[in-house]
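There are 2 protein chains.
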Amino acid sequence: MRKELNQLREEMARRGLHACLIPTADFHGSEYVHDHFQFRRYVSGFTGSAGTLVVTPQEAGLWTDGRYFLQAEQQLAGSGITLYRSGMPGTERIPQFLERTMPDRGRLGVDGRTISYKMGRHLENLLEHKKISLAYQEDLADAVWAGRPPILPQKIWELPVSCAGQGREEKLAVLREKIQESGANSHLITTLDDIAWLFNLRGGDIPQNPVFFSYCLLTPEETSLFVYGEALSPELRRALEEDGIRIRPYAAITEALGDLDESCRLLLDTSQVSYSLKKAIPKEVRRVFGPNPSTLLKSIKNPTEIAGLREANRKDGVAMVRFLCWLEETVGKEPVTEMSAAEYLDSCRRSQENFLDLSFDTIAGYGPHGAIVHYEATPETDCPLQPEGFLLVDSGGHYLEGTTDITRTIPLGLLTPEMKTRYTQVLQCMLHLAAARFPHGCRGENLDILARLPLWEEGLDFRHGTGHGVGFLLNVHEGPNRFHWNQHGEKSGCVLEPGMVTTDEPGYYEDGKFGIRIENDLLCVEGPQTSYGSFLAFEPLTLCPISTAAVEPSLLTQRDKDLLNQYHQRVWEELSGLLPEKEKAWLHHATRPI
Amino acid sequence: MRKELNQLREEMARRGLHACLIPTADFHGSEYVHDHFQFRRYVSGFTGSAGTLVVTPQEAGLWTDGRYFLQAEQQLAGSGITLYRSGMPGTERIPQFLERTMPDRGRLGVDGRTISYKMGRHLENLLEHKKISLAYQEDLADAVWAGRPPILPQKIWELPVSCAGQGREEKLAVLREKIQESGANSHLITTLDDIAWLFNLRGGDIPQNPVFFSYCLLTPEETSLFVYGEALSPELRRALEEDGIRIRPYAAITEALGDLDESCRLLLDTSQVSYSLKKAIPKEVRRVFGPNPSTLLKSIKNPTEIAGLREANRKDGVAMVRFLCWLEETVGKEPVTEMSAAEYLDSCRRSQENFLDLSFDTIAGYGPHGAIVHYEATPETDCPLQPEGFLLVDSGGHYLEGTTDITRTIPLGLLTPEMKTRYTQVLQCMLHLAAARFPHGCRGENLDILARLPLWEEGLDFRHGTGHGVGFLLNVHEGPNRFHWNQHGEKSGCVLEPGMVTTDEPGYYEDGKFGIRIENDLLCVEGPQTSYGSFLAFEPLTLCPISTAAVEPSLLTQRDKDLLNQYHQRVWEELSGLLPEKEKAWLHHATRPI
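For the record, the sequence lines run as chains A and B.
If you're matching positions, the first sequence starts at 913 in this note's numbering and goes up one per residue.
If you're matching positions, the second sequence starts at 913 in this note's numbering and goes up one per residue.
Watch out, some of these pointers could steer you wrong.
If several chains are the same, the list does not tell them apart, and a pair holds so long as it fits within one copy or across any two.
[What the hints assert, rightly or not] DSS-like mimics (lysine-lysine), calculated; alpha carbons at most 30 Å apart, straight line: (1) 1473 - 1332; (2) 1067 - 1473; (3) 1090 - 1043; (4) 1494 - 1245; (5) 1083 - 1190; (6) 1042 - 1090.
Bear in mind the hints are in silico, worked out from the structure with no lab data behind them.
Kindly generate the complete structure, drawing on both the sequences and the hints.
This is how it looks when you write it as structure tokens:
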């Protein structure tokens, strides 16, 4: 039995809590969660990136998804915590667990700042018939967690308009129009990337996500930005204040909400705003529930951002070509492992001008490791690369000009016929989606089949979305644009608009054998205007050859070959002038028509 | 100024109404509306199938869609009624019209039985700020309409279990389970086709829709069917009563709802149930809002229905082949017009065993008429068929074994290269959707692109849905399955299930020149079960050659040719044994591989 679990239970008893729920979340719904907020990891000992811990005096359960079943099983052994495999048939779900284990009129402890209002309401509704209440102001982490990592706010810096393409005054003006259109006059933003975008600011509070802890409140009278004071230089503070922005302490948001009055019609995105902040809003404030408009505005890249992304992807392509060329001449001759390969690739990126950071930890999965979708090599799992099979490399960078995300599956030598067949089908999937022509109004769910049909025709599939939005020098995963097929209602993606960047990354995974994924970032661009509407298409931003050695040409139609050859022609034209002779010769061969 | 409009205004004045709204609707939300309910047509003189009339003391407006702009303009000339072109930019919408023309605290007259509860609530919400009330119990039609056509209830007849495949006791038992699952114990059904399906009864109250005016109320104690007494023979009444069904008068539904008490948890589909019926439910009855489960149950055809549909489509194919063969040898030699061609086709269907009725009026549009999506030839528009261009024929029948719906576009002679190109692209659209392989969970919106991409790639499209569900000896249009791409939320189609029948009818229309549509009915069937799920596919139920004379073979891929040849091979195998020598020889030629 973990002592941290015991300490938590003692604290729960002191506070009269019958259960507590600990998600893996900060106060902003961020995908990547700062160490300060890893209380679930602290109590459970489970180090995976996703999971929810629920503790009662008698029981404790950890819910996590398929990526982490094995790891969680090992890490939870002897902890006194039961593993609940989310999504598996017969697994008890958290509300049912709470219903079963909690008494009538029980108190469920949860830090209301770490769950969305929507999630909190959902829990309340499910537990209503037992009259269970949400004790949402219980900060158990602060009470129990000795040695909790502090938040050390990193310096916020300004992204010049020459990079951002649009000043913050202009962005704020457009946002205020959208707020008006929704029927509101005020708006609370709690999502870190939306705030960073809106103010043309960047930070470093979450590794590889250039955002900073903050809130933003827009009222008819003022625009307030709530940040840690020490994160702002005096110059930047002055610059913001000169732009009419009121700078307030990060923690003052609750008080600021409490000061709103009946003249305020506050636009709230209840899937983003935390339960606690929603509760801090006075009753007399009229609420308008709707999507945060800045999420959509941010997703539509402006001409400067688009030009930057093309440039960032050229640099990224140069780095990838250097890496691929090196890999080809090294594997089988000198020792290379997953980790050393990733390090080499990272160094190729780092040497590019205006490189700021990786956009996520490089995934380099060899052989069976390629089938683990979120694999990251560790000293324990690291393995040498042999001149056979596939190395799957998913990686990307933040440059001053934008963010990249690319996956290539690299044949290191001999492949089985099955490997080649599947590689060819995944390539068809990627090419077919990238070649789509469609009228304005289409969503990702309308197009996704193009990236799956070659697999579906064989009764095969991949168990992840086909693509996600990519931030501009922001989070590598952003919404609302996406490619997917089996989620509806609110999770359904938005209408695709020119200027959106979405990844196209179909894959195929044979557990214990190999994994294939091929990913290009696609920019949605305008096509012809006809009497049937505004047609749209995609421009591939990613510039890097796709191995033809793994292709089984007999499976390709002439159109497939044309699409691949056109892409390679483009890669050659964009990159060849940027490469030294050796890499240029390699690229020439790698991009020759098939 | 029409005298009917004046009479209506006088009656409105007597009743103190500031406006009245007259939709084209019966009490059941039926697509085809009995003459008794054509009050909008009576008052306005506009005979199109769709339109809403709004009348105030000073103004009158008729809203209809693009199909009817020309016709409405002609028929409304001099009537004192303004045409409002729905869906055109800048057209004032009905709520805005009411807002502009009605006084504060005004009374809007509407027969609450002819609008859904959802629609009524929507109107109320939009007009709330002017405190306008819905005077929903005003039956202006009865007061104003001299010579209103009566409802003459047709005899209801029983569809034997040998055709229906499932007894009504079994259907009721399954439905009651679904009601329980929704959290209710009672259910009100007002949709005529769902009631006909549930009780294995058919009627003739609406031409070509074998349904009968009725309501159904299920409570924990009993199952009540509300019908016109004269529609039931004593034998059928007894048979139903022996099955435990309480037969009550059609008009008694309001009273029956009023008798419900607090023990009742009533499942209501507010998009189906009328505003008036919803208002008749006592306040103490707990309402469960959700979809009517019988709509989904009905859409999944059972093995007997499927076998019947295959048989019905063989008969329909024989009729179509006779027609096509006759057309080919007659046009250019003897006089044939759109109407005489349609009559010949109808006679071919009528001569089939167990033929009951057409499933809708045959559309036979020659040349430019083919571009009018809902064209029906009249003596005024009827035109002779020449040995050139396209004849578009959309038709279907009700057989005891099921309902059919088929469109073929028939080249009568010389075609322009553009005609051939578009015909070939429409054919590709139809074939690609029909050949889809996909996992369970897909909806029509995921697949629809397959039936559009060959057109989208050229910046072209068709402005109608790709396909609708087909009833089993019921309405030729039914839900919830459909193929479409640009409607979301509640209008989004359901997950496709094995046993559903959906049409696949892409088209292309050049206004004033020609129209192309090719339609097969597709049965959703089970494919392989793999570790990625239950895969599904389609079986074409429609059996009729598709003209290859209009195909431009150079635009087809080998796969396209294979798909067409496979389909024709199937048509040949299924129909050749059923045809006399001449038609058999014709079919042999028509189905030869390309």
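Hints, one by one, checked against the model:
1. With identical chains, the CA atoms of residue 1473 and residue 1332 are at most 30 Å apart both within one copy (15 Å) and between copies (27 Å).
2. For the homomeric pair residue 1067 and residue 1473, neither the shortest alpha-carbon distance inside one copy (49 Å) nor that between copies (64 Å) is at most 30 Å.
3. For a Cα distance limit of 30 Å, the shortest separation of residue 1090 from residue 1043 across copies, 28 Å, qualifies, whereas the shortest one inside one copy, 39 Å, does not.
4. In this assembly of identical chains, the alpha carbons of residue 1494 and residue 1245 lie at most 30 Å apart only when taken from the same copy (18 Å versus 75 Å across copies).
5. In this assembly of identical chains, the alpha carbons of residue 1083 and residue 1190 lie at most 30 Å apart only when taken from the same copy (25 Å versus 47 Å across copies).
6. For the homomeric pair residue 1042 and residue 1090, the shortest alpha-carbon distance between copies (25 Å) is at most 30 Å, but the shortest distance inside one copy (41 Å) is not.
Consistency note: the structure conflicts with earlier hint 2 alone.
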